[in-house]
Each structure stands twice: as C-alpha cells, then as structure tokens.
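Novice: Could you build all of it, start to finish, from the sequences and the hints given here?
Protein chains: 2
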Amino acid sequence: MSDSSTEPLDTQAREEDYELSPRQVMAITYAVERGDAEALAELLEPMHPADIADLLEQINAFDRGRLVRLMGDEFSGEILSELDDALRDRIIPLLPKTVLEDAVRELDSDDLVDLVEDLDAPEAILDALDDRDRAAVESALAYPEGSAGRLMQREVVMAPEHWTVGDAIDHMRNADHLPDQFYHMVLVDPRLHPIANVTLGRIMGAPRAKLLRDIAEEVFEVISVTQDEGDVAYAFNQYHLISAPVVDEDGRLVGVITIDDAMAVLDAEHEEDMLLMAGVSESSLSDSVADTVRARLPWLFAALAAGIAGAAVISQFDEAISAFVALAILMPIVAAMGGNAGTQTLTVTVRALATRDLTRANIMRVIRREFLVGLLNGTVFATVMGGLAAVWFDMPELGLIMAAALIINMLIAGLVGTMVPYVLDKLGADPALASGTFVATTTDMMGFFAFLGLASLVLL
Amino acid sequence: MSDSSTEPLDTQAREEDYELSPRQVMAITYAVERGDAEALAELLEPMHPADIADLLEQINAFDRGRLVRLMGDEFSGEILSELDDALRDRIIPLLPKTVLEDAVRELDSDDLVDLVEDLDAPEAILDALDDRDRAAVESALAYPEGSAGRLMQREVVMAPEHWTVGDAIDHMRNADHLPDQFYHMVLVDPRLHPIANVTLGRIMGAPRAKLLRDIAEEVFEVISVTQDEGDVAYAFNQYHLISAPVVDEDGRLVGVITIDDAMAVLDAEHEEDMLLMAGVSESSLSDSVADTVRARLPWLFAALAAGIAGAAVISQFDEAISAFVALAILMPIVAAMGGNAGTQTLTVTVRALATRDLTRANIMRVIRREFLVGLLNGTVFATVMGGLAAVWFDMPELGLIMAAALIINMLIAGLVGTMVPYVLDKLGADPALASGTFVATTTDMMGFFAFLGLASLVLL
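These protein sequence lines are chains A and B, in that order.
FYI, the numbering used here numbers position 377 of the first sequence as 377, with every residue one higher than the one before it.
FYI, the numbering used here numbers position 129 of the second sequence as 1129, with every residue one higher than the one before it.
In case anyone wonders, no lab produced these hints; they're calculated from the structure.
Mixed in with the good hints, there may be bad ones.
Here are some chain A residues pointing at chain B (derived, C-beta under 7 angstroms) [unchecked claim]:
1. Glu19
2. Pro22
3. Val25
4. Met172
5. Leu178
6. Met204
7. Asp267
8. Ala278
9. Ser283
10. Gly307
11. Ile329
12. Pro332
13. Ala336
14. Thr347
15. Arg356
16. Asn362
Which bits of chain A does chain B cover? Going by a derived footprint, with three or more residues having C-beta under 8 angstroms, they are [as the list claims (entries may be wrong)]:
17. 50-58
18. 235-241
19. 297-305
Please read all numbers here as calculations on a predicted model, not as lab measurements.
Here a beta-carbon is modelled for each residue, glycine too, at the ideal position from N, C-alpha and C.
Specialist: If you want it as structure tokens, here you go:
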C-alpha cells in the first residue's frame, strides 16, 4: 500500500445532526456583508449543493439576493435543482443570463425535468438548453405530472437476454458513454420488453461464460410510464428495489428509475400527507407572510364553518345552559375527547392506507376493532369523568349524562376516523385531504348534541 | 438475439396501486379453509415475501395460524423479516423449530439484527444460528439501538487508494465471494480510513490504467457507527447517497450502509412523527383491541387533563355565562380557531425540524413570520366572525369581544405552535412528542380565558 503522506481529506465522520451550524451561517453572511467574493467562494467550496440550497432558504431575502449576486458563476445547476419550488422562482430572475445558461447545461435530463416542471416561467431555462436536451425535457413533459415518465432517466444500459457475463463486460468496457449512475443491466427480449435485472456486482463476481439470465435478481418489478410516482415510491420501499425499468403502453423499455429518486418522492408524499391532515397547502419556511396566509386561510375557513355548525347545535339548548351553567363548563370536554380519539384513529387509518395495509379484505375487521376500542376507551373516561362531574357539581345525574355522552362520542370518533379517509381513498381522493377538519366537526357536533340533548331530557 | 419462444415471465407493468386484491386474498383463505397445501403453495409462489407478510397482517388471527401451519417449511426468513414487530412475536411460536431454524439461516446478518433486536424472546432465533452468524449478530447488538452500527452490513468491498481500474476489476473477478448487493468500491488508506467511493458503473466505463481515485464520486459522506439512524436517513436523502462507509471511533472502516435500508428508516421515522403528533404510540392494523387501547389511553388521559383545565377556566366565568348564554354558544369557536391555527403552525414546524430547515440561524425570523401570519389570519376571522356574532345575537359589544379574543388566540397559536416543538428539539426530545396536546391545551385555555375574561369586563 502507498505511504501515508497523502493525508485523507475528510475521514472524520460527522457526529452532529447535519444541521448548518450558526457559525457557518454567520461566516457566510459576514463575507456577503463585506462583498468578499473570494472568502465566500472558499466557504461554499466544501459545501454540498443541497446544503447551499438550505442556506439560501434559511437567510433573509435581502442577504439571499446579495449572496446570489456575489456567487456569480459559482452558482451551479445542482443548487438550483435542490432549491424549494417557491424560492427557485424568486432566484432565477436574480441570475445573469450566462450564469443561468451554464447552470442548467450541467444538469442531467431528469433533474432538468424536475426543475422545469415546477417553474412558473420555464422559457428562460428551456431557451438555454441545446436542442438534444430540450427535446428530452419536452418529451418527458408530455407525460402526466407526477407520473413515472417524469421521474425516469432515459439512458438505460441493456443487454439481449441470451448474453453472457463476458458479453456484458466487453459491451460496457467498449461503450462510448455510460450513464453517470447505474447499478443494473436490464435484460430485454427482441421486442425490447424488459425480462430481468442483473446487478453490476453479480456481473463482477460471475465467470465470463455464465448466462446473464442465470444470475438475474429474483425480485423484478416493471413500472409503467404512466404509473403514479407515489405508487413507484411504494414499490421501491416495499420490494427493496434499487432500480426498475420503465415501459410504455406496449411494454417496451423506455427508461429506468433509481431508488434515490423514489426516496425523494416518498419523502415528499409524507410531507404532503402530514400537511394535508393539518390543513396546510404546500409550505416552506422561506415562504413570505402573504404566501403562508394564502396556504392556510382556506382550511381555517373550513374550521370556522365547522365551529359555526357546532355553535348552532349548542344554541338549540340555550335553555338548559341558562338553567345549568355546569353544562357549558363540561361540554368542551365531551367534544375534545371525541376529537382526540378521532384524530388518533384517523392518523392510523391514513398511514395504513399509505402503506396499503388497509384494504377491502380487512376494512370490516378494522372498523369492528375501532368500534370496540371506542367502547372501551369511552367506558374508561365515562367512569373517570362521569364520577368527577358528579362530585364537582354535586349532581349524580350530571355524572351519568357525561358518561353516556362520552361513550357515544368516542364510538362515533372511531367510526368516523376510519370511514372518512377510507371512503375518500376509494373515491380516488387523497385520504388525508381535509379529513382532519371533517372528523373534528363531526365529533364536536355529536359531542355537543349528545351531551346537551341528554341533559335537556333528564334535567329539564 | 434468441428466438422469442422463451416468453417473458412478467413483462406486464402493474397498473394497479400494489394493493393485495380481494380476489387474491379470498383464493388464499379458501385454500387454507380446505387445508390444501399444494394450492396454497401455488398461490403464494409468485408473491414477494413483503406481500405475504402484508397478507398475514390483513387476515384474522385464526386464519393466520392455519395459514402459517399449512405453509410448513415454505415459510421463509424473508417473510419473517418483513413482518410487523408485534405480529412477528406472535408468529414465531407458531413455527416448528426446524422451519424457524431454516428460515433464519437464509437471512443476511443485517436482516437478522433487525429481526432479533425487536423480538421479545430472541433466544429461539439466536440458538438456530451457526457460530459465525451469531457472533455477527451479537457484535451488532453491542451498538446502541437505532444506531448506524445496527443498520450497516459488515461485508465491504474495498480497495487501496493507489489501485487502478484494472486492479479493481481483477480483484473483484478473482474474489471468492462478493456481497449480494454492492454498488461501490470503498477506497481506503493504509490505516483503513475510507477515502472515497467509486461506483461500479464508472469502473466498468473507465480505461484499465486509470487510477480509482480519479474516478471517485464527488460526494462522499462517512458515517460514524454510533450515529443515529434518523440522521443517516437524512444524509442519504439530502446528499442522494447510494451507499456510505461506516467507521468506528478511530475512523476505521467497519461496514457500509446502503440506501434501501436508509429508505426504510426514513419511512419509519415519518410514521413515528405522524403518530406521535396525533398521540398514538406505535400502532399496526394487526394489533389486538387490548394493544390498541393500551397505545392510545395515555394520550387520551393527557387530553382529559387538558379538557379539565379548560373547564376550570370556564368555571371562573359562570356568572357571565348565566347572564349571557351567547358566551357558551360562541366560546368553542374561539378555542377551535386557535387550535386549528396552532396545529397548522405545529405541523409546519415539526416538518421543518425533521428536514433541518429550521435552525438557530432562522428561528427568530420564523417566529416573526408566524406572529404576522397569526395577526393577519386573526384579523380576517375577527372581522368575519366578530361581525357574525354581533348580528346573530344583536349585540355589537359581543362582536368586538369575539374579534379581540380571536386575534389574541391566533397570535398565541402561532407562537406556541413554533416554540413548543423547537424547544423540545433543542432539549433533545422528539419535537412531535405530545406537542399536539400541549398546543391544543394552550389554545383552548387561552381562548376561553380571553373570550370570557373580556366578556366579564365589558358586559357585566
């Protein structure tokens, strides 16, 4: 082995949690402040484009503008493709034409598609591309948004199904150009239908005379070009795929999707589910106040409508409340317990739908389970809170009313929390969509109705 | 190319969304019913172990037991490692000793670790292993749970830093045994410190005389064996890694982590965040009613405590409520609007912390933004709902009280929704942990207090 004079550049593992350090951010903003392009370039040089993109998202708009201008042609296409959609739209106009052109020219065609499809005004970028790249991007854009066709890369290393390991090695070693990232050879039949995947590692380890098909992967999933990217991400995660061939309607190989793209989709789908359940359209920390308000207002209006419906229920029982203020004091508890139980069930259901664990085969069993869980939890809290209410206001009847209302509302919570997302999913909608608001509205209204209704019957 | 008589096994891309079809499930349960082992084997043969595991999760406990017994030694280690933790604990005792032994022997050491670490009684499995595998599993278990050491595979294909492409190819082609899945050679210095990654694809495409270090990947992340698996998953997603070397405290190469494992961790972390925010400890659809109740009760007790605190606030204003029932009708709206706005902010914050987008560098700007968003949203709903309240009850003062209370509560919601998860994170806790309950409690109490307090001051 060589002498140890060539010191390793960076063999030290990072113990921290990959957060940009405040010191790093401060050093960079200080360099920007002084307009010191050289110091800035030195500070950014060791940083990954994804981290530079994060930095741009974290600093304020004024510093961001100065930083981008000071970077000049150090601003790379990779930074651009790592940026948040909203921020990208604001940064592109800041880039001089030549910098933008250089930046996008260095990108692979799948990254270009990713960049162009989210852009409000993609012409600036399309114009900068050479004819071949532009044609590739435009043909990818012909596939529906969010489809496998948008996600795949077009360059595929393939081999006829009768080739041996030796044929494959010779072919690859003599190829003019191989894709930058590839992990499998795809075996195809004479009609270009993919037959199997062979990993490069197995090709390396096998004798030259061995047939490729004899060392193919056991697990082999073919993806249709029109398949939804969420399904693609699911398939990669479920079947531990590293790359998968993509075929057109005739089953012919047209591209390949690799796991790093599937992982990014999985992450984005999770984000969407989480935000949708909470009632936020897409969001980013670098959004302006106006964008943020716009993303949240519609959902809050839905919540207001739900609140007014609840208030309308309460107003039907104003006599009972005037007679017994205890009802006003206790009724939010009935609503809140139902809301909490409903949110628990809802979240479990949305997750189970995302992982394809909840299907027609087991929906009835899951509903039965949620019913029993609601009954049991309801009984527990009926006992605790019913007892407490009876003692607090020295009214045994009030305790019984509280207990009955709690059991009713927690049963409803379990049913609604399961059924609403399931039905939304079967209707082809996103099960996370607004189901939070719907469940909360139902448990609020039913909670008020059951509690105040029973109280009117018994106490008045 | 060969004649087309060898028909492709499965070239048809699946258009459906990877859900098990009810027909498939019915055919399988029918075979189980008849005790027809042959028909069952035929139905299960084309299925991926992950899908068989999903099937076991979806059918009821009685059918599950019969199915496992009928499968006999067709039950593979892969199915076992794809199963849910809770279900795995229930299925292992159903397996005959020889079937279990055969099943675990076929697993790779990283899958074995994954299987053993979640088991209530791992001895049954450890006993079935040969000495080498048991030693590998036991040394992996010496690393903390959830660390990179548990995630990595030990077999690494490495090369001295001075090797050429020719050296690498000869080495791999002459190796007795190569790992089943590998995508890079890791270059190491004489002290076994990893220096760089070279993809197999580039080795295939480069001239034999080329130095490996000249075709190394530009992006290179080294992971410490004690690093948290969540951080590892983040690094893979952020830097688009396919595999990364793992080093011990002295920086020596001890293993490698591949992206498929990182993707599974990312998915599990998302699930945890989602469930924690909703107040559910780990959950699965195959959990029994008792397990489900146990996973949800603690959080519901927290919600009850929060509800009682809210009731205590309301009870301070019983005089005002007796005098004006309108207060009881409207107060849930103030609380609910704050709760919804708080949940929105909370979700955005938890997500931003997970993606390392929220740091000390921008927390003050984010808080300022949330304050402004709360003020704007509050003003919108103050106008709408204040006006509505004034008209509904024909009391202009009530409209003004409603408006003021809404603005106050939505401001508080924005601040609490940002601060609570951020502080939890800085204290080293999971920011999703119970922050939902805390935010809802605060907005409930502050909503009731602001609305009823103002009403007492103005109206009484």
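Novice: Please go over all the hints and tell whether each is borne out by the structure.
Specialist: Here's how the hints hold up against the structure:
1. With its C-beta approaching chain B no nearer than about 5 angstroms, A/Glu19 sits inside the 7 angstroms limit, and its interface hint holds.
2. Given hint, A/Pro22 at the interface with chain B, holds; its Cβ is 5 angstroms from that chain's nearest Cβ, closer than 7 angstroms.
3. A hinted interface residue such as A/Val25 counts as satisfied when its beta carbon comes closer than 7 angstroms to some beta carbon of chain B; here the least separation is about 4 angstroms, so the hint holds.
4. With its C-beta approaching chain B no nearer than about 4 angstroms, A/Met172 sits inside the 7 angstroms limit, and its interface hint holds.
5. Nearest Cβ of chain B to the Cβ of A/Leu178: about 4 angstroms, under the 7 angstroms cut. The hint holds.
6. At a threshold of 7 angstroms, the smallest CB-CB gap from A/Met204 to chain B is about 4 angstroms, leaving the interface hint in force.
7. With a least beta-carbon distance of about 6 angstroms to chain B, the hint placing A/Asp267 at the interface is held under the 7 angstroms criterion.
8. The interface hint given for A/Ala278 holds, since its Cβ lies 4 angstroms from the closest Cβ of chain B, which is under the 7 angstroms cut-off.
9. At about 5 angstroms, the closest approach between the beta carbon of A/Ser283 and any beta carbon in chain B falls short of 7 angstroms, and the interface hint on this residue holds.
10. The restraint placing A/Gly307 at the interface with chain B holds, with a minimum CB-CB distance near 4 angstroms, inside the 7 angstroms limit.
11. Satisfaction of the interface hint for A/Ile329 is found here, the shortest Cβ-Cβ separation to chain B being roughly 5 angstroms, below the 7 angstroms cut-off.
12. With 7 angstroms as the threshold, the beta carbon of A/Pro332 comes within range of chain B, its nearest partner Cβ sitting at about 6 angstroms, so the hint holds.
13. Against a cut-off of 7 angstroms between C-beta atoms, the interface hint on A/Ala336 holds, since the closest Cβ of chain B lies about 5 angstroms away.
14. Annotation: A/Thr347 was flagged as interfacial toward chain B, and the flag holds, the nearest CB pair being 4 angstroms apart, inside 7 angstroms.
15. Because the closest C-beta pair between A/Arg356 and chain B is about 5 angstroms apart, less than 7 angstroms, the hint holds.
16. With a cut of 7 angstroms, the hint placing A/Asn362 at the interface with chain B holds, because the nearest CB-to-CB distance is about 4 angstroms.
17. With 5 residues bearing a CB less than 8 angstroms from a CB of chain B, the region 50-58 of chain A meets the requirement of three and the coverage assertion stands.
18. With 7 residues having a Cβ less than 8 angstroms from any Cβ of chain B, the region 235-241 of chain A passes the three-residue criterion, so the hint holds.
19. Coverage of the region 297-305 of chain A by chain B holds in this model, with 5 residues showing a Cβ closer than 8 angstroms to a Cβ of that chain against a need of three.
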